[in-house]
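**Student:** Here are the chains, one letter per residue:
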Amino acid sequence: MDTEDQLYGETVKALAASAFGAGRLADAQGRGRAASPLCGDRADIEVRLAADGTIAALAHQVRGCLVCRAAAAALAQAAPGQAAESVAAAHRALAALLTASVTPPEPFAGLPAFAAFQAFAPLRRHRARHECALVPLRAAEAAVAQAQAESRPVA
Amino acid sequence: MSLAVAEMRAAFPAFAEAGGAGLHYLDNAAMTQMAAAAMAAVEHHSRSARANVRRGLYALAERADAAYDAARARVAAFLGAADPAEVVFTANATAALNLAAQALGAELGPGDEVVVSRLEHHSNLLPWLLLGRTRGVTVRTLPLTPEGGIDTGALAATIGPRCRVIALSHASNVTGAVLDPAPVVAAARRVGARVVLDGAQAAAHLPLDVRGLGVDFYAFSGHKVFGPTGIGVLWGRQSVLAGLPPPWAGGGMVEEVAGESLVFAPPPQRFEAGTPPVEQAVGLAAALDWLTAQDRLALTAHQRRLTAQLLDGLAARPGVRLVGPPTAAGRVPVVSFGLDGLHPHDVCQVLAECGVAVRGGSHCAQPLLAALELDGVVRASFAPYNDEDDVAALLDGLDAARRLLG
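Which chain is which? The protein sequence lines are A and B, in order. Here the working numbering = 1-based position in the first sequence + 13. Here the working numbering = 1-based position in the second sequence + 17.
With the rest of the complex left out, here is chain A (with noise of 0.2 Å):
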């Protein structure tokens, strides 16, 4: 079972070790790679949209640690189906579980299908890891960014 202070804890492990949606997407619309030069963890996002906007597919390259990994991997499970804004407001509810002076009681409240990177609050206690967290969200932002200017309408 997890503990608050465990960061390689069995849910982190487990997503890590799922690899779930690694890999490249065919018909991506948006692309977005962020990096950080801290750690050198790096990662590539690809998202496709629905008609409807939301976002149909998400997949992930990772070159990081576990966390990195997990992260990208605990994304590519909770995106599919989600509003294409849902990305910068898990982006913003991690790093906030992650840095805010106070502990937000429950950052992913509004957000239940990203509920998963809870498992990422004992990266805390840890300021030089909280970029291989973020940095999986922080490209899937400029991916979702970039496939909404694809999408969008030419006026």
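These aren't lab readings, by the way, just hints derived from the structure by calculation.
Selected chain B positions facing chain A (in silico; Cβ < 10 Å): (1) Leu359; (2) Pro361; (3) His362; (4) Asp363; (5) Val367; (6) Ala369; (7) Glu370; (8) Gly393.
Once the Cα atoms are required to be at most 20 Å apart in a straight line, the calculated EDC-like pairs of lysine to aspartate or glutamate come out as: (9) A:Lys26 <-> B:Asp416; (10) A:Lys26 <-> B:Glu370; (11) A:Lys26 <-> B:Asp357.
None of the values given here were measured: they were computed from a predicted structure. Beta carbons are placed, not taken as given, at the ideal position from N, Cα and C, and that holds for glycine.
Guided by the hints, dock chain B onto chain A, whose structure is given.
**Tutor:** Quick look at chain B alone, frame taken from chain A:
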């Protein structure tokens, strides 16, 4: 003869303050702990001689001048320099290498070449690559040997007639491999090139004689030789320094300003614009006093023994990929390795929980890691205050990481 490690550790307050016996500090290639003597010197100077240098006529300022000059002389003696005026104080080795690159680069242009190697720390790579962008200089690269050293056998093929500078690490911060500068210097002389050595990893471990080495510049930093942060050194051969322009300007580095006419001060002041890092220089000098008062041969033997123990321990474990020379000989006490299937940051995190302080990642040497086809490595690096318990704690921690992370 074994080293009295307990006495050695007593000279470093961090081990009393930061967990004592529970701290296995093996990140010395990034920063050594600071000697008590250096701390005391900084405090004494701050209490008794805190005034700006080269400006005041009062007693406090005269003491500051004397302390700063003495620090420069101490560094010169440590390096075997001909004259303290060849010692330029900077903020760190990175600043020293940038100073060398900018000063030498002012004379370079398109078609001129600078030679580096595949294993350079970014601090001795990016300043030269910047010259490529700003002045059109071509940067050429020496390859690696199979043991993770610089392949000096490729000098003839790499150094052309337009080579103006050869800038190499005296010892690698990743593989630990030590460079023999002699063939480099010989090759440089044939084409009239300058030789810059990055001594950041070598200064704490190798006996230095810059005149004997035959190089033109040598850089190192205080925080890797048991001194304070915020202090570095660029030694430059006087005849070369005297002909170089200052890359930046300000107070204390000029003899005369009349209209737009400038007459720069001679080295080293020419390269020390503004208030220099006086306390840090004093601390560095005290650290070097401490280091040179030790039996350096005994220190080397002790650290080589620990390096060999670690190499043996790693060799006995499956899934370990060692980079660098296969034995403790031919390297400074730096050991880097990868563990199959485990990312170095995850390994370092588990080691931290075990009280073992090491570094993981690319170690600011991305071209080297790319050549080794690794995303990163775990690096352990020794200092005289380390002992067999530190090696055992590291190896136990690696086993724990393997169990936890699979």
